[in-house]
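Peer 1: Turn these sequences into a full structure, and let the hints steer you where they fit.
From first to last, the protein sequence lines are chains A and B. At position 126 of the first sequence (counting the first as 1) the number is 126 in the numbering used here, and the numbers step up by one without a gap. At position 172 of the second sequence (counting the first as 1) the number is 402 in the numbering used here, and the numbers step up by one without a gap.
Derived from the structure by calculation, the hints contain no laboratory data. Possibly wrong hints are sitting among the right ones.
Unchecked claim - Partial selection, computed: residues in chain A whose CB lies under 8 Å from chain B:
#1 Ala7
#2 Ala12
#3 Leu22
#4 Leu23
#5 Arg27
#6 Asp86
#7 Glu90
#8 Val93
#9 Leu94
#10 Arg165
What the hints assert, rightly or not - Over the 12 Å line for every Cβ pair with chain A, so calculated as not near, a few chain B residues:
#11 Gly308
#12 His347
#13 Asp362
#14 Gly389
#15 Ala413
#16 Leu434
#17 His461
Stated by the list, open to error - Computed list of chain A residues with no C-beta within reach of chain B, every gap over 10 Å:
#18 Ile15
#19 Ala141
#20 Leu229
No residue lacks a Cβ here, since even glycine has one placed at the ideal position from N, Cα and C.
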Amino acid sequence: MTATTPAGSWQAARIVLQREWLLAMRRPAQVLQPLAFFAVVTAMFPLGYTPELAKLRAIAPGVLWVGALLASLLALEHLFREDATDGTLEQYVLSGQSLTWLLLAKTIAHWLLTGLPLTLMAPWLGVALGVPLSAATGVMAALALGTWTLSLLGSIGAGLTLGVRRGGVLLSLLTLPLAVPVLVFGARATELAIVGDSPTGALYLLGSLAVLGLTLAPLAAAAAVRIGLE
Amino acid sequence: MVVLLGLLLAAPVAELVDATDLKSVGRKAVPVRFRPGAPWFCMSALVVNNLSVYRGERAILCRVSFELAAGRALVITGPNGAGKTTLLRTLCGLVEPEEGELHWRSERRSFRDAEYHVDLAYLGHEAPLKMDLTGRENLRGLVGLRRDVAPERVDAALGEMQAGSFADRAVRTLSAGQRRRIAFAALGLMGATLWVLDEPVTNLDRAGEALVQTLLSRHLATGGLLLAATHQPLGLDPACCDSLVLAGAVP
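Peer 2: Here it is in structure tokens:
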């Protein structure tokens with residue numbers, strides 16, 4: 001009955017991250033699907049629009065960003081759903097740890113498994129759209145910040161749609177409008193990087209969105225999950 | 231000893247909801263007032279007063295009250311749909327009650343108080359396990375969120391539930407009873423004082439039931455509290471069991 005050392009917040013976060021990592025290793029398809037989707041969608045554009053690199057380069061920022069947005073939305077649907085069905089979220093709520101903190105850890109794990117690989121893939125897919133590899137740093141910085149904000153925004157949406165059967169479409173409808181600022185500044189940063197200008201200004205704005213998301217989204221997600229579990 | 235007060239009483243209900251309201255919800259309130267057989271000097275660790283839960287217009291629980299002292303079990307019975315699961319989930323803070331207050335260790339608390347949650351462990355209908363992880367990995371995750379547990383203690387807990395032989399297989403490949411055994415091994419390691427169990431012995435075979443019975447008895451003997459909703463007898467010592475009957479919908 002005597003409690004030994006109670007688990008600290010960092011340990012709890014580490015456990016959540018480890019669990020997500022293990023789960024991803026056991027179900028690689030779930031991690032690979034959004035990445036494959038992103039690759040296929042971007043590869044469609046040279047085929048469907050024009051093979052001329054100059055023209056493709058003009059639409060490349062939009063294509064990369066819309067592709068990345070949709071790919072991360074695909075993954076978002078799984079963010080809390082399985083955990084809600086198998087009772088893991090209930091155990092999180094009752095663990096005595098802050099639910100906000102645990103969900104943030106889970107969102108970080110989600111970003112590491114979807115947003116980060118998408119970011120790393122983007123410059124290579126960009127080559128097919130005429131994006132020079134010299135723009136890789138700018139493209140990746142923009143996408144890293146953008147997908148991070150999206151994961152956070154998506155955690156709210158995923159929490160809110162927990163109680164909804166087949167909530168995937170609703171999740172997109174909730175999350176995509178909120179992602180508009182990310183899309184605008186992200187595509188701008190990418191465009192500047194492609195042209196060879198400094199994307200710093202747009203990146204700062206993306207960074208501020210990422211920080212705003214980090215401070216507010218986990219709280220909102222925790223509230224949404226509590227409602228969703230009832 | 232069994233104390234049972236699941237009678238329909240119009241008078242206390244009238245304080246709160248007038249009779250027409252009750253009629254309109256098509257359901258009569260069942261106030262359950264109940265004192266366990268603990269000696270007077272033994273403070274009840276858990277006191278729940280006037281707990282009411284509504285789903286829209288429908289009353290799921292109406293003014294349920296009970297007390298439970300350390301070392302005692304409250305066995306909640308009642309027909310399907312009587313609100314047993316809702317009662318347990320409300321006590322865990324998973325469902326927001328319309329009214330009702332909770333005293334835990336003689337302090338007034340919210341049902342969502344983190345300190346209260348540390349003392350509480352809940353097992354629902356389904357074992358809260360990840361299908362793709364092994365039993366041992368699941369156990370480490372569930373318990374690790376609450377406290378550090380040495381691997382030897384994990385082994386001991388699994389051995390006690392006779393789950394050692396299948397603890398390293400993916401939960402997906404285990405039977406429902408085997409999953410429950412893993413969940414109970416986790417429950418024993420969580421170090422919570424108040425166990426809230428929903429149908430604890432479902433899916434378990436005879437041997438499993440006996441193991442759970444031992445686990446629960448030991449929990450009570452060491453001063454733990456147990457709330458269990460069940461249709462099947464748990465086989466606990468009747469001297470430390472109280473009973474709460476939810477009458478449910480009364481036509």
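Peer 1: All hints are to be evaluated individually against the structure, with a verdict given for each.
Peer 2: Quick rundown of the hints versus the structure:
1. Ala7: 5 Å, holds
2. Ala12: It holds, given that the least Cβ distance between Ala12(A) and chain B is near 5 Å, below 8 Å.
3. Leu22: 6 Å, holds
4. Leu23: Holds - the Cβ of Leu23(A) comes within 8 Å of chain B, reaching about 6 Å at its closest.
5. Arg27: Since the shortest Cβ distance to chain B is 6 Å, the answer is holds.
6. Asp86: 6 Å, holds
7. Glu90: 6 Å, holds
8. Val93: At about 7 Å, which falls below the 8 Å cut-off, the nearest Cβ of chain B leaves the hint on Val93(A) intact, so it holds.
9. Leu94: 5 Å, holds
10. Arg165: Violated - the Cβ of Arg165(A) stays beyond 8 Å from chain B, reaching only about 18 Å at its closest.
11. Gly308: 21 Å, holds
12. His347: Its Cβ does come within 12 Å of chain A, the nearest being 5 Å, so this is violated.
13. Asp362: 4 Å, violated
14. Gly389: 19 Å, holds
15. Ala413: 9 Å, violated
16. Leu434: 18 Å, holds
17. His461: The claim stands: His461(B) keeps its Cβ more than 12 Å from every Cβ of chain A (closest is about 20 Å).
18. Ile15: Nearest chain B Cβ is 4 Å from Ile15(A), so the label is violated.
19. Ala141: 34 Å, holds
20. Leu229: Leu229(A) not clear of chain B: closest Cβ-Cβ about 6 Å, inside 10 Å.
Violated hints, in rising order: 10, 12, 13, 15, 18 and 20; the structure is consistent with all others.
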